[in-house]
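Protein chains in written order, with the numbering used here: chain B, 83 to 541; chain C, 3 to 339.
Treat the hints with caution; some may be incorrect.
[Stated by the list, open to error] Calculated lysine-lysine pairs in the DSBU-like style (CA-CA distance at most 35 Å, straight line):
1. K514(B) with K38(C)
2. K325(B) with K207(B)
3. K256(C) with K42(C)
4. K126(B) with K514(B)
5. K205(B) with K294(B)
6. K224(C) with K514(B)
Rather than coming from a laboratory, the hints here were simulated on the basis of the structure. This structure is a prediction, so every number in the text was calculated from the model and none was measured.
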Amino acid sequence: MFEYDPVLFSRILTYVTLGFHVIFATLGVGVPLMIAIAEWMGIKRGDPHYTLMARRWARGFVITVAVGVVTGTAIALQLALLWPNFMQAAGHTIGLPMFMETFAFFFEAIFLGIYLYTWDRFKSKMKHFLLVIPIVIGATASAFFITSVNSFMNAPQGFNIVDGVLTDVSPLAAMFNAATPTKISHVIITCYLTAAFILGMIAAYKILRGNKHVYHKKALHMTMVSALVFAVATAAIGDLSGKYLHEYQPEKLAAAEWHFETETEAPLILGGILTEDNEVEYALEIPFALSILAGGTPDTEVIGLNEYPEDELPPLWVHYFFDAMVFIGMYLAAVSALFVLFNWQNRRNPLRKLNPFKSWMLRLIVLGGPLSMFAIQFGWIFAEVGRQPWILHSVMTTAEGATTSDHVDIMLWIFILLYAVLGVTSYLVLRKMFLHNPVEHELERRGIPYHTVEKDVES
Amino acid sequence: MTYELLGITVLWTFLFGYLIVASIDFGAGFYSYYSKATNKAHIIHNIVQRYLSPVWEVTNVFLVFFLIGIIGFFPDTAYYYGTALLIPGSIAIILLAIRGSYYAFSTYGAKDSHFFSFLYGATGLLIPASLTVVLTVSLGGYIVVDNDQIQLLYGELFGSAYSWSVVILAIVSVLFISASFLTYYAARANDNRALELLRKYTITWSFPTIIMGIVVFLLLSKRNITQFENMLDIGWVFAVSFIAFVAAVVLIWKRQRYGTAFTLVVIQYFTAFFGYGVAHLPYLLYPHLTIYDGFTNESMAIALIIAFVAGLFLLIPSLYLLLRLFLFDADYVQGNK
Numbered sequence: 083m084f085e086y087d088p089v090l091f092s093r094i095l096t097y098v099t100l101g102f103h104v105i106f107a108t109l110g111v112g113v114p115l116m117i118a119i120a121e122w123m124g125i126k127r128g129d130p131h132y133t134l135m136a137r138r139w140a141r142g143f144v145i146t147v148a149v150g151v152v153t154g155t156a157i158a159l160q161l162a163l164l165w166p167n168f169m170q171a172a173g174h175t176i177g178l179p180m181f182m183e184t185f186a187f188f189f190e191a192i193f194l195g196i197y198l199y200t201w202d203r204f205k206s207k208m209k210h211f212l213l214v215i216p217i218v219i220g221a222t223a224s225a226f227f228i229t230s231v232n233s234f235m236n237a238p239q240g241f242n243i244v245d246g247v248l249t250d251v252s253p254l255a256a257m258f259n260a261a262t263p264t265k266i267s268h269v270i271i272t273c274y275l276t277a278a279f280i281l282g283m284i285a286a287y288k289i290l291r292g293n294k295h296v297y298h299k300k301a302l303h304m305t306m307v308s309a310l311v312f313a314v315a316t317a318a319i320g321d322l323s324g325k326y327l328h329e330y331q332p333e334k335l336a337a338a339e340w341h342f343e344t345e346t347e348a349p350l351i352l353g354g355i356l357t358e359d360n361e362v363e364y365a366l367e368i369p370f371a372l373s374i375l376a377g378g379t380p381d382t383e384v385i386g387l388n389e390y391p392e393d394e395l396p397p398l399w400v401h402y403f404f405d406a407m408v409f410i411g412m413y414l415a416a417v418s419a420l421f422v423l424f425n426w427q428n429r430r431n432p433l434r435k436l437n438p439f440k441s442w443m444l445r446l447i448v449l450g451g452p453l454s455m456f457a458i459q460f461g462w463i464f465a466e467v468g469r470q471p472w473i474l475h476s477v478m479t480t481a482e483g484a485t486t487s488d489h490v491d492i493m494l495w496i497f498i499l500l501y502a503v504l505g506v507t508s509y510l511v512l513r514k515m516f517l518h519n520p521v522e523h524e525l526e527r528r529g530i531p532y533h534t535v536e537k538d539v540e541s
Numbered sequence: 003m004t005y006e007l008l009g010i011t012v013l014w015t016f017l018f019g020y021l022i023v024a025s026i027d028f029g030a031g032f033y034s035y036y037s038k039a040t041n042k043a044h045i046i047h048n049i050v051q052r053y054l055s056p057v058w059e060v061t062n063v064f065l066v067f068f069l070i071g072i073i074g075f076f077p078d079t080a081y082y083y084g085t086a087l088l089i090p091g092s093i094a095i096i097l098l099a100i101r102g103s104y105y106a107f108s109t110y111g112a113k114d115s116h117f118f119s120f121l122y123g124a125t126g127l128l129i130p131a132s133l134t135v136v137l138t139v140s141l142g143g144y145i146v147v148d149n150d151q152i153q154l155l156y157g158e159l160f161g162s163a164y165s166w167s168v169v170i171l172a173i174v175s176v177l178f179i180s181a182s183f184l185t186y187y188a189a190r191a192n193d194n195r196a197l198e199l200l201r202k203y204t205i206t207w208s209f210p211t212i213i214m215g216i217v218v219f220l221l222l223s224k225r226n227i228t229q230f231e232n233m234l235d236i237g238w239v240f241a242v243s244f245i246a247f248v249a250a251v252v253l254i255w256k257r258q259r260y261g262t263a264f265t266l267v268v269i270q271y272f273t274a275f276f277g278y279g280v281a282h283l284p285y286l287l288y289p290h291l292t293i294y295d296g297f298t299n300e301s302m303a304i305a306l307i308i309a310f311v312a313g314l315f316l317l318i319p320s321l322y323l324l325l326r327l328f329l330f331d332a333d334y335v336q337g338n339k
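Let the hints inform the model, and build the full structure from the sequences given.
Okay, structure coming up:
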């Protein structure tokens, strides 16, 4: 198909592994928090529906964790196998956060095992709830440490290069680089947002299919309120990310926005296509918006692509991924806000009479599930391709980091096959797990009444 | 002790941890499948599942820990081993991926799937085989380093009696370690039928284990004479290992003190593994890379060691909690919780 080029094949294989891993990793970071909230609500309100929710989510979560763990192991090994030169350099500078990530992972793994097998073991429910906290901390800390590694690749610092040799390494400076705050907060909050939407999607789907059980309504309400909070936070952090790019990686921002000329009062370009001679067509232009995004004021000067030598520019198609990500983020915020407003029974809320469980609303939520996962993919593609041709921004190019081995192409096909099999089996197993054991059966088996303490919100 | 030595000791300890927990896990998977295939599942299934379920995830972490640790402490290993081991490394990843996920699929999802437990059992024996390649390669003679090109000599690797005997040693050791642990676990659970079967497995696998240990030792003299002589210099370590092995088998044979017997098995492997490791020093990859020239810069080394000590403060109590709840809690082991 292509001429054999270990760099190209290494890039594709790394994407395939990470693209697959990030589906499970995102859930791995986000779902524990949702489980913790559900279990907490169950204890606080004395409502066994929420406790069961936590229990059922945890059961499905195990499957996604398993795939997350094995693909995470895969990427850890692959980094050394596919990017030996890069890892040699990285080991000297960012060995610390990588090492700490495995500690966080260790911590989480231990407590996940304990949590899953002690549901009925302690008399006090609070004790069992406390076990989920190290899982939430471990999951989020993993994201924290590993994202700081990625931040380093975008904004390398904390070392000097003298005649090609790394000196004066400061591990903490490398870890807490300029990109770290915005990257980490953006990654963590979008993991939470995506997990909330995926779980909300399941509840909405059940109600849409005619299931009237109050359990699903509670699940939907809880996930959508959480999603709204996370969506607002995502938007705020997204804005800070724009300002970070403007300051430190202007060529990435310019590529995302097809911004060629350095100018003040720069417009934001939505959609559109780029012709061969770099003319933007069919796009919606919002005047001043890019300057405001970059610096907070319309007179901020935004550096354009023309300032850079051509071989240091990222591919311009990242614009589509950037736009898709932003669009989906807006969509998720709007949908969760609408649902929460409709469902908010406050006298002064003019929308309180509207029914949030109407089928169009539920369909929008169901759609939000897969869309949120696509946004994660698009965002990562934008962030990673947007820093090409660098593997370490302004230090090492991707080509310099790659392996020289002869067999990356065969490995690529084998791994694609592996992930296809894993993906399909996890889908089938999860489906079987929940179809064969619907909520109604489990409630009955555990002797939980249909209506518990909370008044049913009738549609 | 220099930072280099401290670093490699920490890593070697974690690799040893992986060797023990992974062996129990890999062997348990194999016995679990084997007992299904021979209609003995009802005898040992519960013992295997009750132990494995809460700890399956932890096993993997030991490996990742070692891997990331060695890149942190000795970044040059990433360059040498990473380039040379693309294929064996990828095969190991695939096996680990199949095993890890199909364990979860078969335990939490499709409980009665024969195929899932076959995949789980079979990969458990292939993974140790694929991972030993790294140990074999580190002895030297299987890799050519020519300017910027590093290549693994597949013909040399597959054609050498030494590398095959290491593979066999790994597999029989997995089955032996695992059976001796599960025997102890079954004894704690007062499950006599499982105990008898597992005891039989332990004794069956003890002989090939010790024979292969001796075979590998003898073949080593042809493979890497420096390593062999270094090992002879500290011969007493291997004598301790052998005595621990004999004592363990005798105890199990006499149906006495299974806990002590398993501890002796751990001592047997601990001494052999560390004796082998010490004899290998200072080389990480003979003769291209030593722990001194491949070591990271000093500030990273200090940071890693601090992180490591801090991490242990977190890990040791957590691991203790895990063991107390699932391993040393008689009620849980016996299936009352």
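Hints and how they fare:
1. K514(B) with K38(C): The hint holds at about 22 Å.
2. K325(B) with K207(B): Violated, at about 45 Å.
3. K256(C) with K42(C): This hinted pair holds, its Cα atoms lying about 24 Å apart.
4. K126(B) with K514(B): 32 Å, holds
5. K205(B) with K294(B): 32 Å, holds
6. K224(C) with K514(B): 55 Å, violated
Violated hints, in rising order: 2, 6; the structure is consistent with all others.
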